[in-house]
Amino acid sequence: KAGVTQTPRYLIKTRGQQVTLSCSPISGHRSVSWYQQTPGQGLQFLFEYFSETQRNKGNFPGRFSGRQFSNSRSEMNVSTLELGDSALYLCASSASTSIVDTQYFGPGTRLTVL
Amino acid sequence: GDSVTQMEGPVTLSEEAFLTINCTYTATGYPSLFWYVQYPGEGLQLLLKATKADDKGSNKGFEATYRKETTSFHLEKGSVQVSDSAVYFCALILRMGSNYKLTFGKGTLLTVNP
Chain X
1 KAGVTQTPRY LIKTRGQQVT LSCSPISGHR SVSWYQQTPG QGLQFLFEYF SETQRNKGNF
61 PGRFSGRQFS NSRSEMNVST LELGDSALYL CASSASTSIV DTQYFGPGTR LTVL
Chain F
115 GDSVTQMEGP VTLSEEAFLT INCTYTATGY PSLFWYVQYP GEGLQLLLKA TKADDKGSNK
175 GFEATYRKET TSFHLEKGSV QVSDSAVYFC ALILRMGSNY KLTFGKGTLL TVNP
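Residue numbers (the numbering used here), protein chains in the order written: chain X, 1 to 114; chain F, 115 to 228.
Keep in mind that the hints were calculated from the coordinates and are not lab data. Quick caveat: nothing in here was measured; it's all calculated off a predicted structure. Be a bit skeptical, because a hint or two may be false.
[As the list claims (entries may be wrong)] For each label pair, taking beta carbons as the anchor points, the in silico distance ranges come out as:
1. F:192 to X:18: 48 to 54 Å
2. X:59 to F:183: 25 to 31 Å
3. X:86 to F:126: 27 to 33 Å
4. X:51 to F:209: 14 to 20 Å
5. X:70 to F:174: 34 to 40 Å
6. F:126 to X:95: 36 to 42 Å
7. F:196 to X:95: 31 to 37 Å
8. F:132 to X:84: 36 to 42 Å
9. F:195 to X:63: 38 to 44 Å
10. X:11 to F:156: 15 to 21 Å
11. X:17 to F:192: 45 to 51 Å
12. F:181 to X:16: 46 to 52 Å
[Stated by the list, open to error] Counterexamples of contact, computed for chain F against chain X with all Cβ distances above 10 Å:
13. 128
14. 129
15. 183
16. 228
[Said to hold, decoys possible] Taking lysine-lysine and the BS3-like style, the derived pairs with C-alpha atoms no more than 27 Å apart in a straight line are:
17. F:166 to F:220
18. F:166 to F:182
19. X:57 to F:220
20. F:170 to F:215
21. F:170 to F:191
22. F:215 to F:166
23. X:57 to F:166
24. X:57 to X:13
25. X:57 to F:215
In this text, a Cβ means the ideal position worked out from N, Cα and C, and glycines have one as well.
Required output: the full structure, derived from the provided sequences and hints.
Below is the structure:
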């Protein structure tokens, strides 16, 4: 079974631009979560989608948004990029309706904002 | 607020040494506790978990026991290998009605030398 895939793996943008990251979950998984990982703040939860609906959300500004499609693939969008948005963005999928169950993480998208 | 505190790294050990990575938490409710591992160049993987007090999670020779009285979930391994070199994250999930809050520690870098 293929794992969680994220595209692109690396991205360079400039301040003020917007960016869209993509995540394809493991086949059959309906839950997709997004995380931001930085050296300073560590790993922080962005949001989770389940069956095309945002089910949970972390403490990030409205510039960060996401969506999930009927095939469970998910996209995350960041508008008006800031230097502090440079990070590794991780996506995770789960087969379960319960977040307590195992999440499988993708390799991440490394975003650099110049 | 809810938080997870891990011992600061980096931790450097020789092969076959005993490993302890301390993790304590603060939570307003009754969380589930997790250890994740991130090997170089890879995404996070769930290492083990415990969902109630006195539960012991174990996997690949690693163990951690959910101690409610000391609000701790320390990770231990009796004999580490070079292949255990990675970053280890302690995390908690706190359910709040139909929603949940996911909090990670900052991570502890472990290097095991031959």
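Comparing the hints with the structure gives:
At roughly 49 Å, the beta-carbon separation of residue 192 of chain F and residue 18 of chain X lies within the given 48 to 54 Å, and the hint holds. Checking the proposed 25 to 31 Å range against residue 59 of chain X and residue 183 of chain F shows it holds: the Cβ atoms sit about 30 Å from each other. Distance hint check for residue 86 of chain X and residue 126 of chain F: the Cβ-Cβ separation is about 28 Å, which falls inside the suggested range of 27 to 33 Å. Restraint check, residue 51 of chain X to residue 209 of chain F: a C-beta distance of roughly 19 Å satisfies the suggested window 14 to 20 Å.
With their beta carbons about 37 Å apart, residue 70 of chain X and residue 174 of chain F fall inside the hinted range of 34 to 40 Å. Between residue 126 of chain F and residue 95 of chain X the C-beta distance comes to about 37 Å, which sits within the given range of 36 to 42 Å. In this structure the supplied range 31 to 37 Å holds for residue 196 of chain F paired with residue 95 of chain X, their Cβ-Cβ distance being about 33 Å. Separation of residue 132 of chain F from residue 84 of chain X is about 39 Å and conforms to the stated range, judged on CB atoms against 36 to 42 Å.
With their beta carbons about 43 Å apart, residue 195 of chain F and residue 63 of chain X fall inside the hinted range of 38 to 44 Å. Between residue 11 of chain X and residue 156 of chain F the beta carbon distance is about 19 Å. The supplied range of 15 to 21 Å therefore holds. Against the hinted window of 45 to 51 Å, the Cβ-Cβ separation of residue 17 of chain X and residue 192 of chain F comes to about 50 Å, which satisfies the hint. Take residue 181 of chain F and residue 16 of chain X: their Cβ atoms lie about 48 Å apart, and the range 46 to 52 Å holds.
Taking the minimum C-beta to C-beta distance to chain X, about 27 Å, the non-interface status of residue 128 of chain F holds against the 10 Å cut. Every Cβ of chain X is farther than 10 Å from the Cβ of residue 129 of chain F; the closest lies at roughly 27 Å, confirming the non-interface assignment. No beta-carbon of chain X is positioned within 10 Å of the beta-carbon of residue 183 of chain F; the least distance is around 22 Å. With a minimum CB-CB distance of about 27 Å to chain X, residue 228 of chain F clears the 10 Å threshold, and the non-interface call stands.
Only pairs whose Cα atoms come within 27 Å are accepted, and residue 166 of chain F paired with residue 220 of chain F is accepted, the gap being roughly 23 Å. Only pairs whose Cα atoms come within 27 Å are accepted, and residue 166 of chain F paired with residue 182 of chain F is accepted, the gap being roughly 8 Å. Our distance criterion of 27 Å between C-alpha atoms is met by residue 57 of chain X and residue 220 of chain F, whose separation comes to about 20 Å. Between residue 170 of chain F and residue 215 of chain F the alpha-carbon distance is near 22 Å, which keeps this suggested pair within the 27 Å criterion.
Restraint check: the Cα-Cα separation between residue 170 of chain F and residue 191 of chain F comes to about 13 Å, which is no more than 27 Å; the hinted pair holds. Between residue 215 of chain F and residue 166 of chain F the CA atoms are separated by roughly 17 Å; this keeps the pair inside 27 Å, and the hint holds. Between residue 57 of chain X and residue 166 of chain F, the direct Cα distance comes to roughly 24 Å. Compliance with the 27 Å bound is thereby established for this hinted pair. A distance of roughly 25 Å separates the Cα atoms of residue 57 of chain X and residue 13 of chain X; the hinted pair therefore holds under the 27 Å criterion.
Among the hinted pairs, residue 57 of chain X with residue 215 of chain F is consistent with the structure: their alpha-carbon atoms are about 8 Å apart, no more than 27 Å.
Against the hints set out earlier in the document, no violation occurs for any number.
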